[in-house]
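2 protein chains.
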Amino acid sequence: MTSSESTPTANRTGLLFALAQIDTCVGDLEGNAAKVLEYSRNAAGHGAQVVVFPEMTLSGYPIEDLAFRATFRRAAWQTANDLAKRLQQEGLAEIFVVVGTVGTDREHDRPRNRLVVLHDGVVWAGYDKHFLPNYGVFDEFRIFTPGERSVVLEIHGARVGLAICEDIWQDGGPVAQLAKQHIDVLLTINGSPYEEGKGHVRQELAARRAAEVNAPVIYLNQVGGQDDLVFDGGSFVVGTDGQLLERSPQFREDLGFWHLDLDGQAGEGQEAAQPATLSPALDPDEEVYQACVLGLKDYMAKNHFTGVCLGLSGGIDSALVAAMAADACGGEHVWGISMPSMYSSDGSRDDAADLAKNIGAHYEIQAVEPLFTAYQKQLHLEGVAAENLQARIRGVIVMAYSNTHGLLALATGNKSELACGYSTIYGDAVGGYAPIKDLLKVRVWDLARWRNRQAEALGEQPPIPENSITKPPSAELRPGQQDSDSLPEYELLDKVLAAYIEHAHGRADLLKDGFDPETVDTVMRLVDRAEWKRRQYPLGPKVTALAFGRDRRLPVTNAFRE
Amino acid sequence: MTSSESTPTANRTGLLFALAQIDTCVGDLEGNAAKVLEYSRNAAGHGAQVVVFPEMTLSGYPIEDLAFRATFRRAAWQTANDLAKRLQQEGLAEIFVVVGTVGTDREHDRPRNRLVVLHDGVVWAGYDKHFLPNYGVFDEFRIFTPGERSVVLEIHGARVGLAICEDIWQDGGPVAQLAKQHIDVLLTINGSPYEEGKGHVRQELAARRAAEVNAPVIYLNQVGGQDDLVFDGGSFVVGTDGQLLERSPQFREDLGFWHLDLDGQAGEGQEAAQPATLSPALDPDEEVYQACVLGLKDYMAKNHFTGVCLGLSGGIDSALVAAMAADACGGEHVWGISMPSMYSSDGSRDDAADLAKNIGAHYEIQAVEPLFTAYQKQLHLEGVAAENLQARIRGVIVMAYSNTHGLLALATGNKSELACGYSTIYGDAVGGYAPIKDLLKVRVWDLARWRNRQAEALGEQPPIPENSITKPPSAELRPGQQDSDSLPEYELLDKVLAAYIEHAHGRADLLKDGFDPETVDTVMRLVDRAEWKRRQYPLGPKVTALAFGRDRRLPVTNAFRE
Chain A
0 MTSSESTPTA NRTGLLFALA QIDTCVGDLE GNAAKVLEYS RNAAGHGAQV
50 VVFPEMTLSG YPIEDLAFRA TFRRAAWQTA NDLAKRLQQE GLAEIFVVVG
100 TVGTDREHDR PRNRLVVLHD GVVWAGYDKH FLPNYGVFDE FRIFTPGERS
150 VVLEIHGARV GLAICEDIWQ DGGPVAQLAK QHIDVLLTIN GSPYEEGKGH
200 VRQELAARRA AEVNAPVIYL NQVGGQDDLV FDGGSFVVGT DGQLLERSPQ
250 FREDLGFWHL DLDGQAGEGQ EAAQPATLSP ALDPDEEVYQ ACVLGLKDYM
300 AKNHFTGVCL GLSGGIDSAL VAAMAADACG GEHVWGISMP SMYSSDGSRD
350 DAADLAKNIG AHYEIQAVEP LFTAYQKQLH LEGVAAENLQ ARIRGVIVMA
400 YSNTHGLLAL ATGNKSELAC GYSTIYGDAV GGYAPIKDLL KVRVWDLARW
450 RNRQAEALGE QPPIPENSIT KPPSAELRPG QQDSDSLPEY ELLDKVLAAY
500 IEHAHGRADL LKDGFDPETV DTVMRLVDRA EWKRRQYPLG PKVTALAFGR
550 DRRLPVTNAF RE
Chain B
0 MTSSESTPTA NRTGLLFALA QIDTCVGDLE GNAAKVLEYS RNAAGHGAQV
50 VVFPEMTLSG YPIEDLAFRA TFRRAAWQTA NDLAKRLQQE GLAEIFVVVG
100 TVGTDREHDR PRNRLVVLHD GVVWAGYDKH FLPNYGVFDE FRIFTPGERS
150 VVLEIHGARV GLAICEDIWQ DGGPVAQLAK QHIDVLLTIN GSPYEEGKGH
200 VRQELAARRA AEVNAPVIYL NQVGGQDDLV FDGGSFVVGT DGQLLERSPQ
250 FREDLGFWHL DLDGQAGEGQ EAAQPATLSP ALDPDEEVYQ ACVLGLKDYM
300 AKNHFTGVCL GLSGGIDSAL VAAMAADACG GEHVWGISMP SMYSSDGSRD
350 DAADLAKNIG AHYEIQAVEP LFTAYQKQLH LEGVAAENLQ ARIRGVIVMA
400 YSNTHGLLAL ATGNKSELAC GYSTIYGDAV GGYAPIKDLL KVRVWDLARW
450 RNRQAEALGE QPPIPENSIT KPPSAELRPG QQDSDSLPEY ELLDKVLAAY
500 IEHAHGRADL LKDGFDPETV DTVMRLVDRA EWKRRQYPLG PKVTALAFGR
550 DRRLPVTNAF RE
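First to last, the sequence lines map onto chains A and B.
Position one of the first sequence corresponds to residue 0 (numbering that gives the first Met the number 0), numbered consecutively onward.
Position one of the second sequence corresponds to residue 0 (numbering that gives the first Met the number 0), numbered consecutively onward.
The set of hints was computed from the structure by calculation and includes no laboratory data.
There's no promise every hint is true.
Treat identical chains as interchangeable: a pair holds within one or across any two.
With a cut-off of at most 30 Å between alpha-carbon atoms, the simulated DSSO-like pairs for lysine-lysine come out as follows [said to hold, decoys possible]:
1. K511 <-> K356
2. K197 <-> K296
3. K532 <-> K376
4. K356 <-> K376
5. K34 <-> K532
6. K179 <-> K84
Start from the sequences, fold in the hints, and give me the full structure.
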């Protein structure tokens, strides 16, 4: 049945969609529902007839094994119904509110990843996600029962096809079904984590699907940090010809609008020639910097931390983390602790003090040497054990600040050194959050320079001391130590790490990539050993009848209370 | 086609199966192949015609994302071919060697969970696992492409149906197909992790399948610890009438034999009335104790540790862990460190010393107070921060022993206290392995008593001082502190924890279970907060383009080198 047969022509003038790109919190049914209500009011005030929210809006996403708790699913269902009634009580019964939530497959008593439409005081329609990604960071096939049918909504004469995230990434399934159903627009709600360059991939994919279903695609994405993922937003609308009709900003909540014009367009591409509101694309360094800051900011907010503490060594890693922290929560909520040892240079201490001053952080000095001496009176450690001792004393001090002031301890390790095991477990690795653990070292320098340039452009004091950027990196755990004593130069190391870890190149592939055998063997040995050591801590055996470990994968941030 | 049509009657006298219940190591292609060769020689020496090994024998199991590395899959394929040739070279070409390995789905270039038969110098036949478990501790759907067809082997006139582990746990699929194919025996190879009481469940299930396919079932299970899992072995053969025809022991490698008698039995139940070799079932406490010891022993062996270190407080938890460690690697490889503080009782120190003496461990005393005083001169901590400081000083000392002597540090926390957050991160939680983290506290006492009784029965010195078992538990972090100040009595607490965590009962369910509201709210609050805190450490954000975290799930124990 085509839309022209099913609806009066008079209604087919068009439809105003509001794109509610919001930041949800896993388990916080009440808070998420309140945000939906607020954005719906605002959207209705602008004359929108449909307001679209991200994947699993009410439950938050990803909810992992929280989905298996029946009490949570019941509470989520109640929340959707209450919200529909509340919208009606506020005179918003006319608007169509598209939200994601967790549903239940009653036949098997298992969770579903569901889209529901709230309208006229009730939960009006539902669609269940068909393709359940179970690769990379996704565990959905583990959790949800897949949906089996496509759904087309009729809203004021427009035929709106529905999809959830992965549904448009796979060929076949609901999109292939919708392609035969003469829809006017394809609406997809997403929880798509940030990756460098992914924005472009998403748009190309959506354009392909728009051509396939012969209708524009509305791509609405979640924004915000949730545990170890960052969602970048960047929602958009793309036409059947691949033209970008609307784009929301990245890394912040937004309410955008897009008008689907149906009048006189039936039978062809339905989108009108209207002025597009296109938020500008970000510079690659700015994009990654903002991803790190948003991840930290939301981790703090969703876990109820208002401040952070970290060791300031004067080096580039702790300097960049401190600058990010100041951007996330304000310098006055950052505690920087300088913990010089007998091997720390005066320059390092000055750089740490300068940084703290630049960002307006609390700055305290705690000497390591008296504590080191006390331990050594009893333990008489040598070599690596003695180096690790210095790092672990610092870890104990950082945690003392964390416990005393209720601060989130930040670990300052970067990906290059973590990958190579150039880090002390229970030492510098101490922390509840590691803002730059996914940045290779060269990228750390790039982001530091970018942040300073940005400050200069705004006429502000650049946060990171020039000396922290330019001096040769050193752990300062023994006299004259430099990173390059143990590791290849970072420019080379980072390239090998990217190939070995991210692109899963084996030894033969790496040699074919043009890396010399000595470097390849050094890096592979370091990475394999570090991965082995990292994974040893803190594992334990799992006698599964008595299980606590892997078979209960709850999110860190889980605001739900039964 | 029935077997009587397809094979000469002369051949149908029977078949001797060898049940090679071995302990493999993930990634150790060479070591696993050597073990297959050794057991095959032995089996052939006893006249076996078929020798059966566990799931993913050559690659080890579970191999997690190691399966995605193409170099590993190529090496595994090479290993299977080399092994077939080697068997031939040794004059063992006649025997049918059934092993598991990782295969490749060439169409999609993805891994498969595969059974292959080595015979006559070649890889003779293959079967791919159909049902891929993706719940609890299993991630197989994430990793493997499912197989689509059932396979029946013709071996000396016997029709042998094949299955891998989960294939017999789900209705339909390959077993349903085999039920129509007149097989003489169903052979299933498994990597089935230990759970309390699961042996019984496995046997009932296999008996049901034996009836379904109208043939005996050979259930061959892996044995040994692998990372955070323990496989208990306990392989068996069950007849069509549900009778147990053979059972291998739990928790150790074994080569069992079972004769499939075909002569004169065709058309009815084919198994012969032969004397069964049934290893005795274990006492429940002994079973759990052995699971913990084997988990630790294999974790040490597969990660190349020969000794362990741990703090000995004089309490029951560290005493039980030390006793297990002595059973795993010998008391002379155990370093027990007594770290008394100003709040430790004299009794505790004596109990720690007695324990070390009983098990023949190294025993050293490291005072906490001088170090505590040194920190407090700088930090002036109070309350919980000061309590945590004592625990963290102990953590630093334990790691100093670990680094200096190359020892595996053991964490001694039990499940009750870990679940309730009665533990200090970077303090008593320090360790690469936590042998009793899956035991509730009451079970800890039970196992200690069982171990002492066992020693008495053998005329040996009971390892655990009676006083460690009978005294009221205390963390001794402040004067007169007892666990019962902060926690419900363990007898009650453990019951609530089991219901809330293992059976996922919500608040309403727990009240219905008969627990009083105050206890329920206390325990739920403790568990939720502890889970939140535990999961905070050591997480970091995941900007997935630069990923290291969840999208690379390699086993801790990975002996493969590219």
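Here is how each hint holds up against the structure:
For the homomeric pair K511 and K356, neither the shortest alpha-carbon distance inside one copy (48 Å) nor that between copies (58 Å) is at most 30 Å. In this assembly of identical chains, K197 and K296 lie within 30 Å of each other by CA distance solely inside one copy; the values are 22 Å within and 45 Å between copies. In this homomeric assembly, K532 and K376 come within 30 Å of each other (Cα to Cα) only inside a single copy, at 28 Å, whereas the closest approach across copies is 34 Å. With identical chains, the CA atoms of K356 and K376 are at most 30 Å apart between copies only, with a shortest distance of 26 Å across copies and 36 Å within one.
For a Cα distance limit of 30 Å, the shortest separation of K34 from K532 across copies, 27 Å, qualifies, whereas the shortest one inside one copy, 43 Å, does not. Taking CA atoms no more than 30 Å apart as the test, K179 paired with K84 passes in neither setting, with 35 Å inside one copy and 56 Å between copies.
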